[in-house]
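S.K.: Same order as they appear, the protein sequences are chains S and R. 19 is the number that my numbering gives to position 19 of the first sequence; each next residue is one higher, with no gaps. 33 is the number that my numbering gives to position 33 of the second sequence; each next residue is one higher, with no gaps.
Rather than coming from a laboratory, the hints here were simulated on the basis of the structure. Treat each hint with caution, since some may be false.
With a Cα cut of at most 20 angstroms, we get these calculated SDA-like pairs of lysine to any residue [unchecked claim]:
#, chain 1, residue 1, chain 2, residue 2
1, R, Lys112, R, Ala41
2, S, Lys23, R, Gly134
3, R, Lys117, S, Gly14
4, R, Lys26, S, Ser57
5, S, Lys23, R, Ile45
6, R, Lys118, S, Glu69
7, R, Lys74, R, Leu146
8, R, Lys116, S, Gly14
9, S, Lys23, R, Met54
10, R, Lys78, R, Glu141
11, R, Lys38, S, Pro16
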Amino acid sequence: MSDINAAKVLDLKGLPCPMPVVKMSQEIGSVNVGDVIEVHTTDPGSLSDFPAWAETSGNEVLDTEQGGEFIKIFVKRNS
Amino acid sequence: MNAEPAHKLEETAPAPKPAGVALENKLSMVVFSGDLDKLLAAMIIATGAAAMGMKVVMFFTFWGTAALRDAKKKVDGKDFMSKMFGWMLPKGRNALKLSQMHMGGMGTAMLKSLMKKKNAPTLDQLFDIAAQLGVEIKVCEMSMDLMGFKHEEIIDYPNIDYVGVATFLANSGKSSNQLFI
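So that you can see chain S by itself, here it is in the shape it has in the complex (with noise of 0.2 angstroms):
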């Protein structure tokens, strides 16, 4: 289990490609930099899209929870 103090939880559950990462990229700007977005989804190609996409939007992944029923990504907002 991750420890990471998660600012707030976004619930991208259900939704497909591309929506979690245009959710993710309307959401980002809600928390302070240096706060952490706790992203919750059952779109396996959010594991290879949110690095991608934090990488390009210059954020970050902290960290990625599988093997439950949805994938907990955690994003730290900063820019």
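Starting from the structure of chain S, add chain R where the hints point.
M.R.: Same frame as chain S, now just chain R:
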């Protein structure tokens, strides 16, 4: 003029331009096809790119322009050929067919029902998202004229323009990513 010494020529020659143009983090896309599957792919890539912070410009040309018609809008005053084209071509994005497996409408209906079941975004939703994310749509004026489409029958979209090939080239020349769909 011939008497001009060589070193003088060197002095007056313009400074060499840096090789190539600085590329922007930008996607320029040509949407040539008017097929449901290809427009879906184009819209998913466009909205995804915009979500990644890229500037996105979509150039709709040829069959693609039919996808931008608004099914609710009616225009008068078309000549016979324009009326025929208008009647034969799909009236808007929700009238598009699959490029393969259309099977008299059965394949297209099956795909649409599958998309609904899997909660995949529809073309209507993708156009909404594109508008929210600032994706620009540019429509080829020449194709519009050729097909007999009028500006008044095109969808309402916040960032839409009617342009020529030079606008596409000026944009694509500065873009890090270019696609033709």
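S.K.: State for each hint whether it applies.
M.R.: We went through each hint and held it up to the structure:
1. R/Lys112 <-> R/Ala41: Between lysine 112 of chain R and alanine 41 of chain R the Cα gap is close to 14 angstroms, so the pair holds against 20 angstroms.
2. S/Lys23 <-> R/Gly134: holds, 14 angstroms
3. R/Lys117 <-> S/Gly14: holds, 11 angstroms
4. R/Lys26 <-> S/Ser57: holds, 13 angstroms
5. S/Lys23 <-> R/Ile45: holds, 15 angstroms
6. R/Lys118 <-> S/Glu69: Holds: lysine 118 of chain R and glutamate 69 of chain S sit about 17 angstroms apart, inside 20 angstroms.
7. R/Lys74 <-> R/Leu146: Holds. Lysine 74 of chain R to leucine 146 of chain R sits at ~18 angstroms (cutoff 20 angstroms).
8. R/Lys116 <-> S/Gly14: OK: lysine 116 of chain R and glycine 14 of chain S at ~12 angstroms, within 20 angstroms.
9. S/Lys23 <-> R/Met54: OK: lysine 23 of chain S and methionine 54 of chain R at ~15 angstroms, within 20 angstroms.
10. R/Lys78 <-> R/Glu141: holds, 16 angstroms
11. R/Lys38 <-> S/Pro16: With Cα atoms ~18 angstroms apart, lysine 38 of chain R and proline 16 of chain S stay inside 20 angstroms; holds.
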